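Please work from the sequences and hints to get the whole structure.
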Amino acid sequence: MTTLTVPAPTRRSAPFARAARMEWIKLRSLRSTAWALLLTVAGMIAVGVVTMANTKAPSADRAAQFDPTNNVLAGVALGQLVVGVLGVLVVTGEYSCGSIRSTLAAIPDRRTLLAAKAAVYGTVTLVVGEAVALVTFFAGRAALAEGVPRPGIGDPGVLRAVLLAGAYLSLVGLLGIGIGALLRHTASAIAVLVGVTFVLPAVIGGLSGPTVAKFFPTMIAGNSLAVAKPVADMLAPWTGFAVLCLYVAATLGAGARLPAHRDA
Amino acid sequence: MIQVQGLTKRYGPNTAVDALSFDVTPGAVTGFLGPNGSGKSTTMRMIMGLDRPDAGQALIGGRPYGELRQPLREVGALLEARTFHPGRSARAHLSALAAAGDIHPARVAEVLATVGLSDVAGRRAGTYSLGMAQRLGIAAALLGDPGVLLFDEPVNGLDPEGVRWIRDLMRSLAAEGRTVLLSSHLISEMALTADHLVVIGQGRLLADTSVRELTARGRSLEEAFFTLTEGASVHRGTAHHAGHDAAPERNAR
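Protein sequences appear in the order of chains A and B.
Heads up: the first sequence is residues 1 to 264, going by the UniProt record's numbering.
Heads up: the second sequence is residues 1 to 253, going by the UniProt record's numbering.
None of these hints come from the bench; they were simulated from the model.
Keep in mind that this is a model prediction, so the values were computed, not measured.
All residues carry an ideal CB built from backbone N, CA and C; glycine is no exception.
Misleading hints may appear alongside valid ones.
Label pairs and their calculated CB-CB ranges [what the hints assert, rightly or not]: (1) A/Gly195 - B/Gln57: 37 to 43 angstroms; (2) A/Ala242 - B/Gly6: 47 to 53 angstroms; (3) B/Gly12 - A/Ala17: 55 to 61 angstroms; (4) A/Arg31 - B/Asn156: 27 to 33 angstroms; (5) B/Asn156 - A/Leu159: 33 to 39 angstroms; (6) B/Gln5 - A/Ala42: 41 to 47 angstroms.
Chain B side only, calculated, beta carbon under 10 angstroms to chain A, not exhaustive [claimed, not checked]: (7) Tyr65; (8) Ala77; (9) Ala81; (10) Thr83; (11) Gly87; (12) Ala96; (13) Ala100; (14) Asp102; (15) Arg204; (16) Ala207; (17) Thr209.
Footprint (simulated), chain A over chain B, 3 or more residues, beta carbon under 8 angstroms [as the list claims (entries may be wrong)]: (18) 50-59; (19) 89-95.
This is how it looks when you write it as structure tokens:
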């Protein structure tokens, strides 16, 4: 009745490759994945177009700092929330519905599993993030009113701003996975994610200005990454990017270390 | 072959599994019996590497679960009814597991047919009844055609036809030479299905014997079970406990 009539593949693949294939099937077999990414894409393009349509030509004394590329990427603030929450759910969703037990039965090594989740989700969000950033840039540029200087993708710093904004989405997605692995609980993990991206930088920025606030992800995204012209008192583009990568590495590293010692 | 050696698990002051040792041999259905809260599920979770024992070890073919190279091809388990995402179809759930286990994708359709879910395989599994969820869990356990199988209360939620189907499935898996560990609190069902019995109470081994031996002295299996577990049940009498297990108030047998 249960005899294996299908020949087993002769080549054995490494646990990481098997785990990554599993995570890829799991990610695309949930409708919520497609809906969330669609929301990210539509939301970012819409915010970018509306922001650009309302962007006015700068006065003569402001012309030097005028950076419409930063305006067009304003939707990153929205997109990061969706991508980050989906990243949290990639991990915590498994614990809340019990599927983690069949997942761990297949891939007992929890670090391999977390690495596979991060690799698959990070790649998907990187592709989506870069695509949506580029599309948003061109759609938003087309929405600029007559007489407003149009940024070109070849202008200094513009392509960097667009690509780093796209990569930022992926980094927040990975942050979500790391926080999810640390906390394993959807509500608390989302609370931490929103706290780090929205609440804390606003509060701290209001109290002490950019000194500390500039190190928070959303501030880095808006003032360091998505800028063609560097902003005073903020981290430089690549510095900001490096700091974010450090956050992601630290969170994922901690997430990989902890669960090995906990019951599933 | 499953070897449980001095397995111990504590939750705070409560000892859920207490220096438990037994072997489960191939070619037979080994029933795993015990009152509610006696540590059956915890033991099975430790065999599967989901919980870390505080002492002792559980080995499958001589190795702990975490060290199996192709776990799904060596061990299949149904631990709880719902170990899938409700938004995913049965087919997608099994396909993901097949990918993780290097199992040919065509095997997914085979096990879906075996458990009778072929017609609903594309439906979101969250819409399944408990009985269908059990069948999906059994399909996942059979996916890698493993030599060792663990089933924790597989007949929960099944109709009489389903109960009989499980019984036949267990018997045929054992007849094929596989190692089958089956937990249940339904003693009548166990009497019909199991060859061998491991009985535990309050996390301790009470009996490790054949069904025939246990019922030899003219007793029913039920009578034998109650004699064994007298004093080891946490839900009889007036004591109420919120935790996993009672503080041991063991009666001498």
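Quick rundown of the hints versus the structure:
1. A/Gly195 - B/Gln57: 37 to 43 angstroms: Given range 37 to 43 angstroms: holds, Cβ gap about 41 angstroms.
2. A/Ala242 - B/Gly6: 47 to 53 angstroms: Given a distance of about 50 angstroms, which is inside 47 to 53 angstroms, the answer is holds.
3. B/Gly12 - A/Ala17: 55 to 61 angstroms: 40 angstroms, violated
4. A/Arg31 - B/Asn156: 27 to 33 angstroms: 29 angstroms, holds
5. B/Asn156 - A/Leu159: 33 to 39 angstroms: 59 angstroms, violated
6. B/Gln5 - A/Ala42: 41 to 47 angstroms: 57 angstroms, violated
7. Tyr65: Since the shortest Cβ distance to chain A is 6 angstroms, the answer is holds.
8. Ala77: With a closest approach of 6 angstroms, the B/Ala77 hint holds.
9. Ala81: 9 angstroms, holds
10. Thr83: 4 angstroms, holds
11. Gly87: With a minimum Cβ separation of about 5 angstroms from chain A (threshold 10 angstroms), the hint on B/Gly87 holds.
12. Ala96: This hint holds: B/Ala96 lies near chain A, its Cβ roughly 4 angstroms from the closest one there, short of 10 angstroms.
13. Ala100: 4 angstroms, holds
14. Asp102: 6 angstroms, holds
15. Arg204: 21 angstroms, violated
16. Ala207: Violated, because the Cβ-Cβ distance from B/Ala207 to chain A comes to roughly 28 angstroms (cut-off 10 angstroms).
17. Thr209: 28 angstroms, violated
18. 50-59: holds (count 3)
19. 89-95: holds (count 4)
Taken one by one, the earlier hints fail for this structure at numbers 3, 5, 6, 15, 16, 17, listed in ascending order.
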